[in-house]
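As a plain string of letters, each chain reads:
2 protein chains.
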Amino acid sequence: MKPVLVRELIGETLREERFAQGRTLRDVSGAARVSLGYLSEVERGQKEASSELLASICQALDVPLSSLLMTVGNKLAAAELKTRLAKAA
Amino acid sequence: MKPVLVRELIGETLREERFAQGRTLRDVSGAARVSLGYLSEVERGQKEASSELLASICQALDVPLSSLLMTVGNKLAAAELKTRLAKAA
Numbered sequence: 005m006k007p008v009l010v011r012e013l014i015g016e017t018l019r020e021e022r023f024a025q026g027r028t029l030r031d032v033s034g035a036a037r038v039s040l041g042y043l044s045e046v047e048r049g050q051k052e053a054s055s056e057l058l059a060s061i062c063q064a065l066d067v068p069l070s071s072l073l074m075t076v077g078n079k080l081a082a083a084e085l086k087t088r089l090a091k092a093a
Numbered sequence: 005m006k007p008v009l010v011r012e013l014i015g016e017t018l019r020e021e022r023f024a025q026g027r028t029l030r031d032v033s034g035a036a037r038v039s040l041g042y043l044s045e046v047e048r049g050q051k052e053a054s055s056e057l058l059a060s061i062c063q064a065l066d067v068p069l070s071s072l073l074m075t076v077g078n079k080l081a082a083a084e085l086k087t088r089l090a091k092a093a
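From first to last, the protein sequence lines stand for chains A and B.
Heads up: the first sequence begins at 5 in the numbering used here, then just goes up one per residue.
Heads up: the second sequence begins at 5 in the numbering used here, then just goes up one per residue.
The reader is advised that the hints may include incorrect statements.
Listed next, the in silico SDA-like pairs over lysine to any residue satisfying Cα-Cα at most 25 Å (straight line) [claimed, not checked]: (1) B/Lys-86 with B/Gln-25; (2) B/Lys-51 with B/Lys-79; (3) A/Lys-86 with A/Leu-29; (4) B/Lys-51 with B/Ala-83; (5) B/Lys-51 with B/Ala-24; (6) B/Lys-91 with A/Thr-17; (7) A/Lys-79 with B/Ser-54; (8) A/Lys-79 with B/Ala-64; (9) A/Lys-51 with B/Ala-90; (10) A/Lys-79 with B/Ala-92; (11) A/Lys-79 with B/Glu-20; (12) A/Lys-51 with A/Ala-82; (13) B/Lys-86 with B/Thr-17; (14) B/Lys-79 with A/Gln-63; (15) A/Lys-79 with B/Asn-78; (16) A/Lys-51 with B/Arg-37; (17) A/Lys-51 with A/Leu-29; (18) B/Lys-86 with B/Met-74; (19) B/Lys-51 with A/Leu-85; (20) A/Lys-79 with A/Ala-90; (21) B/Lys-79 with B/Arg-19; (22) A/Lys-51 with A/Ala-35; (23) A/Lys-51 with B/Met-74; (24) B/Lys-51 with B/Leu-40; (25) A/Lys-51 with A/Ala-90; (26) B/Lys-86 with A/Ser-60; (27) A/Lys-79 with B/Asp-66; (28) B/Lys-51 with B/Lys-91; (29) B/Lys-79 with A/Ala-90; (30) A/Lys-51 with A/Gln-63; (31) B/Lys-51 with A/Gln-63; (32) A/Lys-86 with B/Ser-54; (33) B/Lys-86 with B/Arg-48; (34) A/Lys-91 with A/Pro-68; (35) A/Lys-79 with B/Ala-83; (36) A/Lys-79 with B/Ala-36; (37) B/Lys-79 with A/Leu-85; (38) B/Lys-91 with A/Arg-19; (39) B/Lys-79 with A/Leu-29; (40) A/Lys-79 with B/Ala-90.
I should point out that these hints are in silico values taken from the structure, not numbers from a laboratory.
I would like the entire structure built from these sequences, with the hints used as guidance.
Encoded structure:
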């Protein structure tokens, strides 16, 4: 089983939040002062977001960085459990 | 007030865990197959760890990545509260 990468879960969570707010890549990238292409790559888990840009994106989404990390931590915990169960089977 | 960066909290938390286990940089970097200099920079918050290397370091420390992110999320939540209180004062 391919291990789950933090950047993929960060990207997925950022995209879910943007969708939940009904906002476009253009809107959020503008508010966060990052390029649209960069945000899109981060959302798809193709690029590691630097700590500074992650803070900007969260600010643009009005989501505390702590909440993002907690959500990602929870998703990872679920993935880790799944991997452990698969190994035990 | 200087904003707290995720990589600084990740580094601090990794170092705390390594100290708690009484292990050296050499030991953990060897187990994680990362260079000693890289691990040292990550611990000092000077370098962003890629998702792959973060997973390796956590594995070397036998700490689930999810636990690391939860701890970092909690530290960030405390820092965000402090910042909010400072702004309100």
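Verification of the supplied hints:
no.: 1; hint: B/Lys-86 with B/Gln-25; verdict: 30 Å, violated
no.: 2; hint: B/Lys-51 with B/Lys-79; verdict: 19 Å, holds
no.: 3; hint: A/Lys-86 with A/Leu-29; verdict: 32 Å, violated
no.: 4; hint: B/Lys-51 with B/Ala-83; verdict: 21 Å, holds
no.: 5; hint: B/Lys-51 with B/Ala-24; verdict: 22 Å, holds
no.: 6; hint: B/Lys-91 with A/Thr-17; verdict: 28 Å, violated
no.: 7; hint: A/Lys-79 with B/Ser-54; verdict: 18 Å, holds
no.: 8; hint: A/Lys-79 with B/Ala-64; verdict: 21 Å, holds
no.: 9; hint: A/Lys-51 with B/Ala-90; verdict: 34 Å, violated
no.: 10; hint: A/Lys-79 with B/Ala-92; verdict: 33 Å, violated
no.: 11; hint: A/Lys-79 with B/Glu-20; verdict: 24 Å, holds
no.: 12; hint: A/Lys-51 with A/Ala-82; verdict: 23 Å, holds
no.: 13; hint: B/Lys-86 with B/Thr-17; verdict: 19 Å, holds
no.: 14; hint: B/Lys-79 with A/Gln-63; verdict: 18 Å, holds
no.: 15; hint: A/Lys-79 with B/Asn-78; verdict: 16 Å, holds
no.: 16; hint: A/Lys-51 with B/Arg-37; verdict: 22 Å, holds
no.: 17; hint: A/Lys-51 with A/Leu-29; verdict: 16 Å, holds
no.: 18; hint: B/Lys-86 with B/Met-74; verdict: 18 Å, holds
no.: 19; hint: B/Lys-51 with A/Leu-85; verdict: 29 Å, violated
no.: 20; hint: A/Lys-79 with A/Ala-90; verdict: 17 Å, holds
no.: 21; hint: B/Lys-79 with B/Arg-19; verdict: 14 Å, holds
no.: 22; hint: A/Lys-51 with A/Ala-35; verdict: 19 Å, holds
no.: 23; hint: A/Lys-51 with B/Met-74; verdict: 22 Å, holds
no.: 24; hint: B/Lys-51 with B/Leu-40; verdict: 13 Å, holds
no.: 25; hint: A/Lys-51 with A/Ala-90; verdict: 28 Å, violated
no.: 26; hint: B/Lys-86 with A/Ser-60; verdict: 19 Å, holds
no.: 27; hint: A/Lys-79 with B/Asp-66; verdict: 19 Å, holds
no.: 28; hint: B/Lys-51 with B/Lys-91; verdict: 29 Å, violated
no.: 29; hint: B/Lys-79 with A/Ala-90; verdict: 32 Å, violated
no.: 30; hint: A/Lys-51 with A/Gln-63; verdict: 19 Å, holds
no.: 31; hint: B/Lys-51 with A/Gln-63; verdict: 22 Å, holds
no.: 32; hint: A/Lys-86 with B/Ser-54; verdict: 23 Å, holds
no.: 33; hint: B/Lys-86 with B/Arg-48; verdict: 22 Å, holds
no.: 34; hint: A/Lys-91 with A/Pro-68; verdict: 35 Å, violated
no.: 35; hint: A/Lys-79 with B/Ala-83; verdict: 23 Å, holds
no.: 36; hint: A/Lys-79 with B/Ala-36; verdict: 23 Å, holds
no.: 37; hint: B/Lys-79 with A/Leu-85; verdict: 24 Å, holds
no.: 38; hint: B/Lys-91 with A/Arg-19; verdict: 29 Å, violated
no.: 39; hint: B/Lys-79 with A/Leu-29; verdict: 29 Å, violated
no.: 40; hint: A/Lys-79 with B/Ala-90; verdict: 32 Å, violated
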